[in-house]
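Participant: Chains as they are written, first to last, in the UniProt record's numbering: chain A, 1 to 483; chain B, 1 to 483.
Be aware that a few hints might be false.
Which copy? The list can't say, so a pair holds if one copy fits it or any two copies do.
Stated by the list, open to error - Below 25 Å or equal to it, Euclidean Cα-Cα: the simulated BS3-like pairs (lysine-lysine) are: (1) Lys41 with Lys98; (2) Lys251 with Lys45; (3) Lys465 with Lys104; (4) Lys104 with Lys93; (5) Lys240 with Lys251; (6) Lys104 with Lys41; (7) Lys45 with Lys465; (8) Lys251 with Lys165; (9) Lys472 with Lys254; (10) Lys374 with Lys104; (11) Lys152 with Lys162; (12) Lys410 with Lys45; (13) Lys65 with Lys93; (14) Lys45 with Lys104; (15) Lys152 with Lys329; (16) Lys93 with Lys162; (17) Lys104 with Lys46; (18) Lys366 with Lys45; (19) Lys470 with Lys483; (20) Lys329 with Lys139; (21) Lys165 with Lys152; (22) Lys366 with Lys104.
Bear in mind the hints are in silico, worked out from the structure with no lab data behind them.
There are 2 protein chains.
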Amino acid sequence: MGSADDHVLTLNSMNPNVIELQYAVRGPIVVRATEIENELKAGAKKPFTRVVKANIGDCHATGQKPVTFIRQVLALCTYPDLLNSDGFPEDVKARARKILDGCKGGSLGSYSESAGLLAIRKDIAAYIEERDGYPSDPKNIVMCTGASDGIKSVMSLLLTAKSGKERAGIMIPIPQYPLYSATIAEFGAYPIPYYLNEATGWSLDVSELERAISEARPNCLPRAIVVINPGNPTGQVLTKENIQEVIKFAKREKLFLMADEVYQHNVYAAGSKFFSFKQVLMELGSPYNQMELASFMSASKGFMGECGYRGGYAEVINLLPDVYAQYQKSITVKLCPPVSGQAVIDCVVNPPKLGEPSYELFKKEKETVLAQLKEKAEFVSQLFNSLEGISCNQVMGAMYAFPCVQMPEKAIEAAKAAGQTPDSFYCFALLEETGICTVPGSGFRQVPGTFHFRTTILPQMDELKAVLMKFKDFHVDFLAKYK
Amino acid sequence: MGSADDHVLTLNSMNPNVIELQYAVRGPIVVRATEIENELKAGAKKPFTRVVKANIGDCHATGQKPVTFIRQVLALCTYPDLLNSDGFPEDVKARARKILDGCKGGSLGSYSESAGLLAIRKDIAAYIEERDGYPSDPKNIVMCTGASDGIKSVMSLLLTAKSGKERAGIMIPIPQYPLYSATIAEFGAYPIPYYLNEATGWSLDVSELERAISEARPNCLPRAIVVINPGNPTGQVLTKENIQEVIKFAKREKLFLMADEVYQHNVYAAGSKFFSFKQVLMELGSPYNQMELASFMSASKGFMGECGYRGGYAEVINLLPDVYAQYQKSITVKLCPPVSGQAVIDCVVNPPKLGEPSYELFKKEKETVLAQLKEKAEFVSQLFNSLEGISCNQVMGAMYAFPCVQMPEKAIEAAKAAGQTPDSFYCFALLEETGICTVPGSGFRQVPGTFHFRTTILPQMDELKAVLMKFKDFHVDFLAKYK
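Bound conformation, chain A alone (with noise of 0.2 Å):
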């Protein structure tokens, strides 16, 4: 009854792929935080009465308002009887018809073209062109399922479907976001990691890309080179001249660039600046501005916030005319992706322009958030760095921290008792301890022999001040239990 032997599926016959591929965001540490919240509210007593889920960057989870002119234009496509309301502005009533135009029988029901409705395609070349300053053609606009289903669907054209020596072979960075490593690891690719520089704010050092592509290159065809700007989990904004490096580098070694800048919008540092591939390559002139490169953006991020809309959209330039059209067919498969999430992309890659009716709302509900977002990431650090056995490099942009914490021995030597990493160990203790809950920095990934956590900047100041009240007590008694 129910043995192994019925099963067609059991762990030794199951697709060994699945079984490897990680993604700690929603790891081990989440289901112990849900099932904590279940305890809670079975009336389970607790040091604590509720569970702070900093372990992953959802916005409006966190109390984080959606922007109106988002909402109420999503809400006429939606229900266009709405749009003899006299309840909506102008402009959102004119937003929702021009939406509504592109879609087959006037219905968000319908299926899109695979690519997205060609009209917010264009609405994200004009996005692209005015931030660049260079040309960007809405047949390069691929929307997609959230970023995350966008670079599955470009890593896919990287393989090789070859094993050993010919495995493709893509660089990462590390710390990394685990999308990389799990999307590498479903695939059969190589992850080819290189490590981001804690000792000088998370630098990208072009010698490090060279010590990395020459270690892998016995074992696996480097094929593409992933760079995540600004830094999920490191919070680090590369400059212009960082940026001209790595795309000198892809040059010189024959790599696709993946640029993940899906934190465009979240810049906080002063002095610092998002810069894009895309602008940096056109820059540099022939032959860099011939590269094949794919740009990924979200609505999940930013100032909107809209994780549960998923979506998303690539830029994908340069692609030779054949395996463009390869590219193409290939997310046809998927029919298209959820066109109320091409609406949010639409709104947030054209806003209410100045003398709308939505202007100023508008502009004053995205500068709060990303001006609370700036105060926070300052706090954070701050924070992090006035504790002992803690360093933080500054939050310059992203959602996160990604401090270091110095394990004391005995902390060490407990958490192998414990069957668990150091880090694990810290995390997991720090959630039963105080309800608040991180990821272990293993699951990004690290330099062995460090530990750390990535924990997000979201929750609303009042709240974010108290959890790290709780978890400078937890931190000191956690140094004094180990000493």
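Starting from the structure of chain A, add chain B where the hints point.
Facilitator: Chain B in isolation, oriented as in the chain A frame:
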């Protein structure tokens, strides 16, 4: 400048599985149809004024109206200020509140659990229990971005990451919905085609399953059988006895059951009824009721036709606990399916009840759509059968007809001269002369030497009649021309 030598990706160096995959529903004929639409817009003179896209089951695109209850609930979830409006019934408001209560931060913009919101999975399980008369556990429900996404996730578990005789073999019906062949190609798995019997109403004969698996065994490791019921593109509806036979065959051969049941609301033929694989397997009792089964459902078909929202779910039963854990882990990488699509599903599986304010309108809208589809199903097959050289099985269910064309010898020669398959030649001629876009049978595969095309039955009745009159004239001319 832009030569293949400079590029990372060329047809020779890119993933060969991507080149291999084909998805005819959005294939070359659809590309041509879109070109023709643009030519018409640019003022070109054609024997027709618009293109009729009968290639894809895109309900709202062909004039079907969204169900009011679904869209009202979605509008309120999207823009909760509307909860204070007098313009919406109380049951709509209650449903929207219930869905938002399940969303973190009360927003559709936060991520859900990767398997979907628990409150909605409970409603799905209740729907399945009521449908089948057997328990359903919300833990076994995994929501997805349309059924396609769910099918890929389950099929991924079955891969072996090996080649040759150890490659995973997946049994698929011929004709089939090309998502299956495309996904098998993308995954590098081995398709095991079994033919449905056109002469007996596309029946599924176990002797043919046995032939197919015997022939495939030297080339692969058979792992799963896909059954599409009601059938796409064939429109057949399986009897309970037939499903029992398939289940017993799968048990003998140790195959995972993949039941594509997205058309479960679309049954038209007198005396026909939808039976789920889950129900039949449970009725058979031990050992069948312990078999691994995945059943797929979608928000895109049925009476709702909400394709653009990309809602879907799978019920996956009888996995070993450690395989279940791996499956759950594998979907976390995608974060979550679109939450607005999840809300659509909730309205479908838990519709307004008798006595609630939205009940009568919902019932009327649902029944009207299904009655019209039934009328169109009958009309289409009757018309095809009235024509010389065409035969068409009864459209018992789903949304398509898949008629067989007796291709004149001269037409076969002309197709050969044009470098096309005869069915493509026929469908392209139909498109160029009438503007009607169908899909050649070769996109779904067919018995060699037979020629079919797939057309949806979705256009509104008046348009459908006009379309079929044009089709009739085309077909008569075609036969005369190649006599």
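Participant: Which earlier hints can't be squared with this structure?
Facilitator: Numbers 2, 9, 12, 16 and 18 - these are the hints that the structure violates, sorted from lowest upward.
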